[in-house]
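Residue strings, one per chain:
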Amino acid sequence: MDMVLDLVARLGRATLSLIRAAGALALFAASGLSHIVRPPFYGRVFLSTFLETGFFSLPVVALTALFSGGVIALQSYTGFAQYHAQSAIAGIVVLAVTRELGPVLAGLMVAGRVGAAMAAQIGTMRVTDQIDALTTLSTNPMKYLVAPRLLAGLIALPLLVLVADILGVAGGFTVAVVKLGFSAPAYITATLNSLKTIDVTVGLVKAALFGFLIALMGCYYGYNSKGGAEGVGSATTAAVVAASIMLLAFDYLLTDLFFSQ
Amino acid sequence: MTGTTPKIRIRDLHKSFGTKKVLDGVSMDVAQGTSFVVIGGSGSGKSVLLRCILGLITPDSGIIEIDGENVLEAPEKRREKLRSEIGMLFQNAALFDSLTVWENVTFGLLALHKITRKNARGHAGTILAQVGLDPSVGDLYPSELSGGMQKRVGLARAIAAQPNILFFDEPTTGLDPIMGAVIDGLIVDCVKKLGSTAIAITHDMASAQRIGDEAAMLYKGKLIWQGPASSLMNSGNPYVDQFTHGRREGPISMELRR
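Top to bottom, those sequences are chains R and V.
Counted the way our numbering counts, the first sequence spans residues 1 to 261.
Counted the way our numbering counts, the second sequence spans residues 1 to 258.
These are calculated hints, taken from the structure and not from any lab test.
These figures come from a predicted structure and were not determined experimentally.
Relax, there's no trap hidden among the hints.
Beta-carbon label-pair distances, calculated as ranges: (1) R/E230 x V/K222: 28 to 36 Å; (2) V/G174 x R/E230: 16 to 24 Å; (3) R/S260 x V/R117: 46 to 54 Å; (4) V/K192 x R/G23: 43 to 51 Å; (5) V/T5 x R/E230: 41 to 49 Å; (6) R/L5 x V/R248: 47 to 55 Å; (7) V/T58 x R/L195: 50 to 58 Å; (8) R/F67 x V/G174: 44 to 52 Å; (9) R/T201 x V/P135: 53 to 61 Å; (10) V/V188 x R/A22: 45 to 53 Å; (11) R/K226 x V/T126: 36 to 44 Å; (12) R/S194 x V/L99: 46 to 54 Å; (13) V/G147 x R/T201: 48 to 56 Å; (14) V/R79 x R/L253: 34 to 42 Å.
Under the rule of at most 25 Å between Cα atoms (straight-line distance), these lysine to any residue pairs were calculated in the SDA-like manner: (15) V/K21 x R/D132; (16) R/K226 x V/S143; (17) V/K114 x R/G43; (18) V/K77 x R/T135; (19) V/K77 x R/Y42; (20) R/K226 x V/L56; (21) V/K114 x R/V37; (22) V/K192 x V/S231; (23) V/K114 x R/T135; (24) V/K81 x R/I36; (25) V/K118 x R/V45; (26) R/K226 x V/G43; (27) R/K226 x R/P141; (28) V/K118 x R/P141; (29) V/K20 x R/A21; (30) V/K193 x V/H123; (31) V/K77 x R/G43; (32) V/K20 x R/D132; (33) V/K20 x R/E230; (34) V/K193 x V/M179; (35) V/K81 x R/P39; (36) R/K226 x V/I57; (37) V/K20 x R/G231; (38) V/K21 x V/S42; (39) R/K226 x V/K21; (40) V/K81 x R/N140.
Quick reminder that beta carbons are idealized off the backbone N, C-alpha and C, glycines included.
Chain V extracted, bound-state conformation:
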């Protein structure tokens, strides 16, 4: 393995559901330690892309490599190991509503036997503090929390096992702009602190620029543009420009009928 091996390498990834092509030949490289933002409209296949890398969805064809190792061809045990090195923040946090916050946060650590149940409560407090929550929140249930707090707990759960890859599925969706900025700030802090490689998918431009180093746009199952996140608003690509500026007129026509 050389220093130039990308942390995540994807080649010609295809996935269809029935007759609908969701991913139509996606290729991308994410370098070690960078934050990669994928933008795209609703239903453009962003979530499916993340789920393919996580192994929650099996692609029809293509290559997904983590540290040069083809995930799709790895035996199940090895895939579980690779998956355990990825932390994921789900769109609606996806907290386990039958468990308390501290049980949620330490769930992965307990599953991997990295801590004992006895120490878990205290450890959860430390992780909660990292996302700006009071340790006493640990005793509440997810339904007792606001949307922003749920996102924070989801983030705490994702970083608890100190994964070297982090995925964020629309981290700011459903939050007010200030809370969105706060969550973005936490995400950047966590990624930096852990030295992780991150992929975030979003359609919030402010968030994309705050989180991302690199950015790409997914449109109709293909990556149609890639470049530094700072040039998102003036990419020169008519598709990206229409999307980032939210114009009604342009090459992208909204499909309102299926």
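So that you can see chain R by itself, here it is in the shape it has in the complex:
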């Protein structure tokens, strides 16, 4: 009997702490969002974060997209050749890249790059009292540190995904034409025929949400980190892991929302 009670108590405690954590995260997100629209605005912080998130992520996102597009073309060729359906490759590449690979791979790359950096930077500021120092210097840390990062994530990721879409399709095109012997004009025509506005739009909406989630996790874990270098390290890990999992979970939810009839 005692064992059962103990088990229930543990389960209850775990549930409570999960709910508490979810509540704390929701409040943090709401506070961060509300500071985006209320002055003063810190344009300088926003610009530097935006540059770091958007511009400096370009190489890694571009390479990821290029190779993924190429792989999709190669893999679908191997599969479809058995049914003499090679002509569908262009469509498959466009669909896969704009709907899924663009936003998800760019998101995961940015989570590893920028989410981690945000958590490490804000976490270090926390454990070295720099966040408290902001408060004593008449500056709200949520407004100065968190709001500009959330906004930068929200805006930068769709732009990155647009680039990823184009380069992903280009990767597929290169492999199809150079390696698989497709004719370039035919491949381009097929690509344009299967390109749908809704696919690209939903991909960009996903990207905006992912960008927000990545920045939110980086800021949240950094902001609440404690205990010196080790604390900052685990905050960084937690931020990347949480952002990646939430990104994939929300990807499923949004796909279900927009594309399942």
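Position chain V against the provided structure of chain R, taking the given hints into account.
Relative to chain R, chain V alone:
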């Protein structure tokens, strides 16, 4: 408000973290224009006390008044205003490492729109000179400075907005004795020049006597002694005597285990 209203008045302040009582009924008055030193061992709640007054930590119960106004009951806007009149020098200076020294020094002034960004660089030079630093230091980043210089920049940042209250969290910790004396000298100069009321927390006795007019000792969350800083070394209180003379034997037993 009468002339006898203390600048800072604290009554029966309590704060616990979990089951650990950090502040257990602290009451103290700091008169306008005096320097008040709080001594106490590591973990005695000194930092928490300062953070409560600053509003960085919300106490469980008690009263904190600045110029007779209860800070804890003031609306958020008013608390921000009150907070802007307090300058704080953090233990490890807590300089913003992504900003240059001059941006650090003028950060509060820029946030309050007291100066324009265009004039800030020049103004920072003036403030840096007050803490004995060459204006050219302004273009460096905090990581390029020595510990003593970081403390000076931290002090410059704390006094930049000419606050009427100054807090010092272990100003000499981590510095060699000479640099410690230099920083103490600067602190005394700045406090005098601004006519500010100051609270310093420290466990450096030489520093406590150099900075303080009044002194008090915090032990297990309570103020167990209060008196003039000059009598710190011969207070007659066995706890204070053991602490100030650094004796192993006495009423204070070090808790080495938690």
